[in-house]
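Enquirer: One-letter residues, chain by chain:
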Amino acid sequence: MKKIMLIGFKDLTLAFRDRAALVLMLLAPFLLTVGLGFVTGRLSGSSGASGLSDIPVVLVNQDQEPLGDALVELFFSEELAGLVAPVAGADLAEARQLVDGDQAAAVVFIPQGFTRSIIPEVGSPALGEPGQGSALRIVIYVNPTRPTSAGVVQTIVEQFLARVEAGRIGGQVTVTQLITSGRIQPGQAEALGQEIGERQVSAGNATAIRLEKVSAGEAPMEFDILAYMAPGMALMFLMYTVSYGGRSILAERAQGTLPRLLVSPTSSAQVLGGKVLGIYLTGVAQLAVLILASTLLFRLQWGNPLGVAVLVLAAVFGASGWGMLLTAVARSPNQVASLGSALMLTFGILGGSFINLDALPGPIQWISRITPNAWGLDGFTSLALGGGLEQVALPVVALLVMGAVLFLIATLLFNRRSILER
Amino acid sequence: MELRMLKKVLAIIRKDTLLRFSSKAELLYFLVLPLFFTFLLAGGTQSGEGDNRIRLLIADQAGSPLSAQLIAALEASQTVRPDLLPLEQAKAEFDERRASTLLVIPPDFDLVRAQAGGVDLLLYQQPNNLNSLAAEQALLAAINQAAAALQTAQMATAEAESIQAFESEAARRLYSQDSLLAAQRLRDTAPERLVVERASTADSVEYDPAASSSAGQMITWVFIPLVGISAMFAYERQRGTLRRLLTTPTARATYLLGTITGQVLMALLQMALLLVFGIFVMKLNWGREPLGLALVLVPFALAAAALGTTLGTFIKSEGQANGLSIMIGMVFALLGGCWYPIELFPEFVRSAVKVLPTTWAMQGMLDLALRGGGPAEVLLEGGVLLGFALLFFAIGVWRFRYE
Numbered sequence: 001m002k003k004i005m006l007i008g009f010k011d012l013t014l015a016f017r018d019r020a021a022l023v024l025m026l027l028a029p030f031l032l033t034v035g036l037g038f039v040t041g042r043l044s045g046s047s048g049a050s051g052l053s054d055i056p057v058v059l060v061n062q063d064q065e066p067l068g069d070a071l072v073e074l075f076f077s078e079e080l081a082g083l084v085a086p087v088a089g090a091d092l093a094e095a096r097q098l099v100d101g102d103q104a105a106a107v108v109f110i111p112q113g114f115t116r117s118i119i120p121e122v123g124s125p126a127l128g129e130p131g132q133g134s135a136l137r138i139v140i141y142v143n144p145t146r147p148t149s150a151g152v153v154q155t156i157v158e159q160f161l162a163r164v165e166a167g168r169i170g171g172q173v174t175v176t177q178l179i180t181s182g183r184i185q186p187g188q189a190e191a192l193g194q195e196i197g198e199r200q201v202s203a204g205n206a207t208a209i210r211l212e213k214v215s216a217g218e219a220p221m222e223f224d225i226l227a228y229m230a231p232g233m234a235l236m237f238l239m240y241t242v243s244y245g246g247r248s249i250l251a252e253r254a255q256g257t258l259p260r261l262l263v264s265p266t267s268s269a270q271v272l273g274g275k276v277l278g279i280y281l282t283g284v285a286q287l288a289v290l291i292l293a294s295t296l297l298f299r300l301q302w303g304n305p306l307g308v309a310v311l312v313l314a315a316v317f318g319a320s321g322w323g324m325l326l327t328a329v330a331r332s333p334n335q336v337a338s339l340g341s342a343l344m345l346t347f348g349i350l351g352g353s354f355i356n357l358d359a360l361p362g363p364i365q366w367i368s369r370i371t372p373n374a375w376g377l378d379g380f381t382s383l384a385l386g387g388g389l390e391q392v393a394l395p396v397v398a399l400l401v402m403g404a405v406l407f408l409i410a411t412l413l414f415n416r417r418s419i420l421e422r
Numbered sequence: 001m002e003l004r005m006l007k008k009v010l011a012i013i014r015k016d017t018l019l020r021f022s023s024k025a026e027l028l029y030f031l032v033l034p035l036f037f038t039f040l041l042a043g044g045t046q047s048g049e050g051d052n053r054i055r056l057l058i059a060d061q062a063g064s065p066l067s068a069q070l071i072a073a074l075e076a077s078q079t080v081r082p083d084l085l086p087l088e089q090a091k092a093e094f095d096e097r098r099a100s101t102l103l104v105i106p107p108d109f110d111l112v113r114a115q116a117g118g119v120d121l122l123l124y125q126q127p128n129n130l131n132s133l134a135a136e137q138a139l140l141a142a143i144n145q146a147a148a149a150l151q152t153a154q155m156a157t158a159e160a161e162s163i164q165a166f167e168s169e170a171a172r173r174l175y176s177q178d179s180l181l182a183a184q185r186l187r188d189t190a191p192e193r194l195v196v197e198r199a200s201t202a203d204s205v206e207y208d209p210a211a212s213s214s215a216g217q218m219i220t221w222v223f224i225p226l227v228g229i230s231a232m233f234a235y236e237r238q239r240g241t242l243r244r245l246l247t248t249p250t251a252r253a254t255y256l257l258g259t260i261t262g263q264v265l266m267a268l269l270q271m272a273l274l275l276v277f278g279i280f281v282m283k284l285n286w287g288r289e290p291l292g293l294a295l296v297l298v299p300f301a302l303a304a305a306a307l308g309t310t311l312g313t314f315i316k317s318e319g320q321a322n323g324l325s326i327m328i329g330m331v332f333a334l335l336g337g338c339w340y341p342i343e344l345f346p347e348f349v350r351s352a353v354k355v356l357p358t359t360w361a362m363q364g365m366l367d368l369a370l371r372g373g374g375p376a377e378v379l380l381e382g383g384v385l386l387g388f389a390l391l392f393f394a395i396g397v398w399r400f401r402y403e
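In order, the protein sequence lines correspond to chains E and G. Mapping of the first sequence onto our numbering: position 183 corresponds to residue 183, and the numbering continues sequentially without gaps. Mapping of the second sequence onto our numbering: position 364 corresponds to residue 364, and the numbering continues sequentially without gaps.
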């Protein structure tokens, strides 16, 4: 056992002395986490679930009537402050040039007569008269290279129009029904219709159907997006670490230090055990450093400490299994390095480190279960949402089974290829 | 003299090609992974028979006309694709993170209860998930559509009652029902009041967000191996083969030119294969402006190769070079907007990343793919990338040592 420990700690020390390895073990996941922190708004101070803030939008209001003015006021309201950065423009052509030149995400153009196409002036044709189908339209001129920002602007305008439409229909139905039932005279219709319509617009969203949001978490708490991104990146580069360890076995064999070790009174099993322990300890140390650094620098809450520790140990075990399998099938240290990097990137995308798993189709989601990344991310997300040991039981068991099966296969392949024979 | 130099350059290109592809694993980075990533991220695996709307799980426990109306509104949405499942199955899929959003319509979701005092829907969302937020917006729009008619009916009934009381509860209910039908009829025939135009897009160009992903992946996967040229220098330096060149009359610039030219030619071949894949498999419109593409991609390849060369003059070991090239490739790709739209970054980051070649390459590709631009529109990007190439090449020549 002492020999196994010695070999293991020797490999751990070597890994952390290799500056090249440290670049991918620690620096790369750290930098990518910071980059993703900017994308998601976590490190840029913007609110919401993305980094979107101060979306530049130009408002050209040629209507200058209540509805056009209300839309402009909405964009300038406190409610949208921080999300959009509206600018009033007088000339449509100039505004469009700002979008063409990527200076703005969208132009909202409210044509002259827009309000009167919905709320006719007193004395003009009554509500519901023919000709209403040719209503004037608001035009949104969007920047295709800023699809998310443009989508936000479009949603704001759509929601405003939905309220306007609700007001128009509310006024029209109420008045028509009142006339039909004999409660009012046709002469009272216009004024009453406008009053009801405006009341319904200002009433806001309908409340007959309410939407109650339920978080996926075990306890109601705010989820920190970095609690998904940081483990995603750490797990991806964990795959590099385990292949790095595997590479060292083949490198020592090629350089002759492994045969020398085997002629000493040390059994093959002890040597393999020590190498595996070295890979395992390096992986645990890598995740521990990343967790500690993100906790201190970004005040990231990883969740239940015991759950995090158990999950880290299980995730490194599962990933180490892949590292050993890779070592058992590869023919040279360089091959382990190439295949290891490829596996790291492939598992990264399949396991959800780059994009959410739900964005992938069903069969790919099933395949993702062979990656330690997917199980690990499940566990870390549960913990960040307030879960405890019970909630990470399934990912932990899955990772342990994965590691055990892969170690078994790797050992059989090692024996067949006589890698650890004197 | 020129012929001799050309021969040397060709010999260096041949040597580098053999060296690079001496391991079959290189094919993984050259073609297999780029195609795999492009296919996955650019929507090649759409699960809904070509329908790339966000999957919204729905467990309809009511089975009422009101729930049917809501689901129909969601079916018509451009954002979400309703997928009706039994509650247990829907919850299992949601818990396994196979969908971002789950809507549960409870058994009491019907018109009578909605008119009496309102009904609740349950929305389950994965935390901080952009798809889930988009699905929520689409759901709110559908709810507003379904609930607005109800609210109108309630309002009309209350207004009538305030003027003159109903003779009976049945009369009140009938009045409310008539109002609801009238509101629904008006809503169905409501005119469009919004039109969305996309900026500077030629008629022949169909807006396709997958083009953005495809361009991002192409830039990422071409950039990483080109920056990896640094590993070739380190390998040769470690083996002592670079030192042997000292004994030959080969200028540093000739050696670097040969190395860069060879790798750039391979990168162009790689890009051509990815473009062909994009055109024929992903059905992307990359063939529209070949000259524009060349004006962006050739200078980009030169800039990336020159950057790899410069790095090669600083890095000591092959291991260092491999690690750094992957890290630099991934970080530059992320910050250059290859993975996520650059609009998501804060202003200061958007300004800062203009020092990266990946930012300009991505900008040029988006000008071509999304704005319908041509060669004239990408001259600036091509020029800046060429500037990067000259700068890095100059540093490379200055710093290059055989030992």
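Because the hints were derived from the structure by calculation, they are not lab data. A portion of the hints provided could be inaccurate.
[What the hints assert, rightly or not] Derived, one-sided and incomplete: chain G residues facing chain E with beta-carbon distance under 10 Å:
| id | residue |
| --- | --- |
| 1 | Asn131 |
| 2 | Thr247 |
| 3 | Ala272 |
| 4 | Gln363 |
These numbers come from a predicted model, not from an experiment. In this text, a Cβ means the ideal position worked out from N, Cα and C, and glycines have one as well.
Enquirer: Is the hint on G:Gln363 kept, meaning its closest Cβ partner in chain E is under 10 Å away?
Expert: 8 Å, holds
Enquirer: Can you verify the interface hint for G:Asn131: is its Cβ closer than 10 Å to any Cβ in chain E?
Expert: It holds, given that the least Cβ distance between G:Asn131 and chain E is near 6 Å, below 10 Å.
Enquirer: Holds or violated: is the Cβ of G:Ala272 closer than 10 Å to a Cβ in chain E?
Expert: Since chain E brings no Cβ nearer than about 22 Å to G:Ala272, farther than 10 Å, the hint is violated.
Enquirer: Does G:Thr247 pass the interface hint, meaning its C-beta sits closer than 10 Å to a C-beta of chain E?
Expert: Status violated, d = 28 Å.
In this structure, the hints that do not hold are numbers 2, 3, in rising order.
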